[in-house]
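> So you can see what is in the structure, the chains are spelled out below.
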Amino acid sequence: MKRLSILLFTILFLQASPLDTEKEIYKIIVHAIFPHKQTVTIWFDDPNEFGALMRLKEAVFVQSPEDADMLFVSHEKSFQNIPSHKIIFVNSYSLLKKYQSTAIGGFFWQKGRPNIVFMRKSLQKHHIILPPDLQKYIEDEL
Amino acid sequence: MKIINIIIAILIVSILGSIGYLYNATHTIEQNLHNNLNKMFTDHVGSVSSRIATFLQKYIKDDPYIQLKNDPKLQSFLQDALSLTAVSPHRYVYVLYRDEQGRYRYLLDGSQEDRGEFNQKLDVDTTKWDQVYNNKKPQLFLHKDSSILYITYLYPLMIQNSVKGIIAIDFTSELPQTIAEILAPAKKIIDYLFFLLFLLFIALLYQLHLYLTTRKKAITDTLTQTYNRSYLKTFIEQIDPAKYAILMLDIDHFKKINDTYGHKAGDFILQEVTSTIRQTLRKEDHIFRYGGEEFIIFIKKEGKDDNIIKIAERLRSTLEKTPYHYQGHNIKITASIGIVAYPEKYRSIKEAIKQADEYLYEAKRLGRNQICYNTDIIKKPHPVTSEIHTIKDAIENGRLFLEYQPIFDIHIQKIIRFEALVRLKDEEGKVIYPGAFLEQIAFTTIYNTLTKEVLRQVFAAIKKYNVKISINLNFSDITDNVIFEIIRQELEHHRNLAEYLVIELLENEAFSQFNNLQEKLQILKSYSVKIAIDDFGSGYSNFEIFRYLPVDVLKIDGTLIKELPASKITYNMVKSIALFAKSIGIKVVAEYVENEKTLKLLKRLHIQYAQGFHLGKPKPLEAYLQNSL
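Keeping their order, the protein sequence lines are chains A and B. Each residue of the first sequence is one higher than the one before, starting from 6 at the first, in our numbering. Each residue of the second sequence is one higher than the one before, starting from 86 at the first, in our numbering.
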């Protein structure tokens, strides 16, 4: 909680580039989902949409979604080709709303503000327990 | 100088201060304008929010979440109405409510883009939003972190006297841009003004630099970097003489350094000696190069007189001990110093300088490498016809010239010789006659310079026209080692022309050093120079001199010749002198022949030579040579 609060405080009060903010938020998210892993294998469907994610030192990017621990999806059509049992994270509210039972959450910008949403049922499906500072971002349904 | 520097420093600081103040003032004005415009926008958004709240209150009577959830048509209608206000500079206009978990969710979103859905969570800075809920008052806050948002205005939506939602209006970062655009023309004018002011300041600094450089050059001696004589005139007008002692310092035998090692060595010595003087003295003492190797030093007094003597002695002894190395040569110098400890006791500082020069001269006469002073002297003012500076200026700036009066053989009416008569011109070209300056410069180094210059011009004339010329000197000039050495050097230099020179000696004071005089005249005569006794028959002159001195010519005093036609006694006196001279083989010249009657009487007395206005006035040599020779 403290880490995220500090981050949000930093976002709100100090000048930081949106890309740096995104990177830090992705870092927190990845660490919250895989708290015991030093490196996490990641797949994404569009490098242009996940520029900040690519800066993560803890991430190893893979070509096949099968090889990844976590999938980052920005296009709806990608859902047709990815294994639904994987941990999926999206980057828009509309996509998350549509695939709220498949994706565990999403991170997106709304009115110039960073917004995080985790889906309770998806988290439970993957036996993910978020740290207390991220609990407030959990939604039952959209 | 110090005062000018202080004034300049104050001026620069004032200008910089003014520019700083103006800059600050304009910045404040700009800030005020910015704030006013900001206020104008926020006032505007305040009233828009208030109108929105009033409008919403008409339709929402209870819990807005429940009412809008159950009435999608109302939701759509209100959202459309809200969207009417979402125009620039309002980027987003929306209404959020706080749920039970304290998260903020959309009720309505009238934004044209990035529109949130009903009940969608929006992560906001809850601290500020909660304040509006708690205080029921509008709030405005800046987004310092965001590149999209500038400010957000929050207005409480009151339903049944409690806050049921918050109307939020986000301003985009275009707002400051808009304000900046409004202010831009005024800012541009201010920027131009400051740029012009800056240019003016630079120009002022450049002018100041030029002025200081030029002024420094104008008052500094190029070789030694001491002050020059031009500045001396200004300096002595500005100072309180009681606060200074005057030291007149001259490097002994400087000419020998020039002759032996060359002029470059001389320049080197002058520079090095100046450096030594500087190191020996303090910063507040002023050094002026007065002449070739002569310096005037103004010592700032701090207390007792003996300090001045100690300073002078330290200076003399340091110069004596300091060796100067020039191109492998180890050159040692000494200096003579004249001191006036109380310039304020003199009629003027110029008088005090003259006195210091006389003491310097005395130091030279006593054998050089010593200091001469009399701290108790109170000089009585005496009439001054020409200021010593004018005389020195004239001599050093080539305004000394000679006129020549012919001496005739009155029996054959032919010029046999010319008497050279020294003249000066002041800066305006006005001629100054010897009576107005010789006494002033007697016993000063200026007199030596004058003697040297007269001899130089006389020998130049002899060389050019091959004529005999006589010059006037005092007995004391011959016994003075310095002047005698000057004469001897000139004779040595013009050995082949020396036989054309006649030295007319005037006994202007009771004289006792006949042996010394005799010896020195013999030395001069060894160069074939002729010796004449001037103004014989008046003043201190007496027949005694013929016993000791090798005299060739006797000039009878002009006052006797003038009285010749009118006084029988004078006639007999002249007759006796002429007979006496003839008897010991000395030629006789009569001066002041002003009329034909006098001339006839002289012929009757068998006096062979004469001069005077009746025969020829003093004129440039060329005026006579064209007719007579």
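Read the hints as simulated data drawn from the structure, not as lab findings. Hints are not guaranteed to be accurate.
If you want the footprint, here are the derived chain B segments under chain A, 3+ residues with CB under 8 angstroms [claimed, not checked]:
1. 191–204
2. 222–233
3. 483–496
Remember, it's a predicted structure, so these values are computed and weren't measured experimentally. Where is the CB? At the ideal position from N, CA and C, for every residue including glycine.
> So, against the hints stated earlier in the document, which numbers end up violated here?
Number 3 only.
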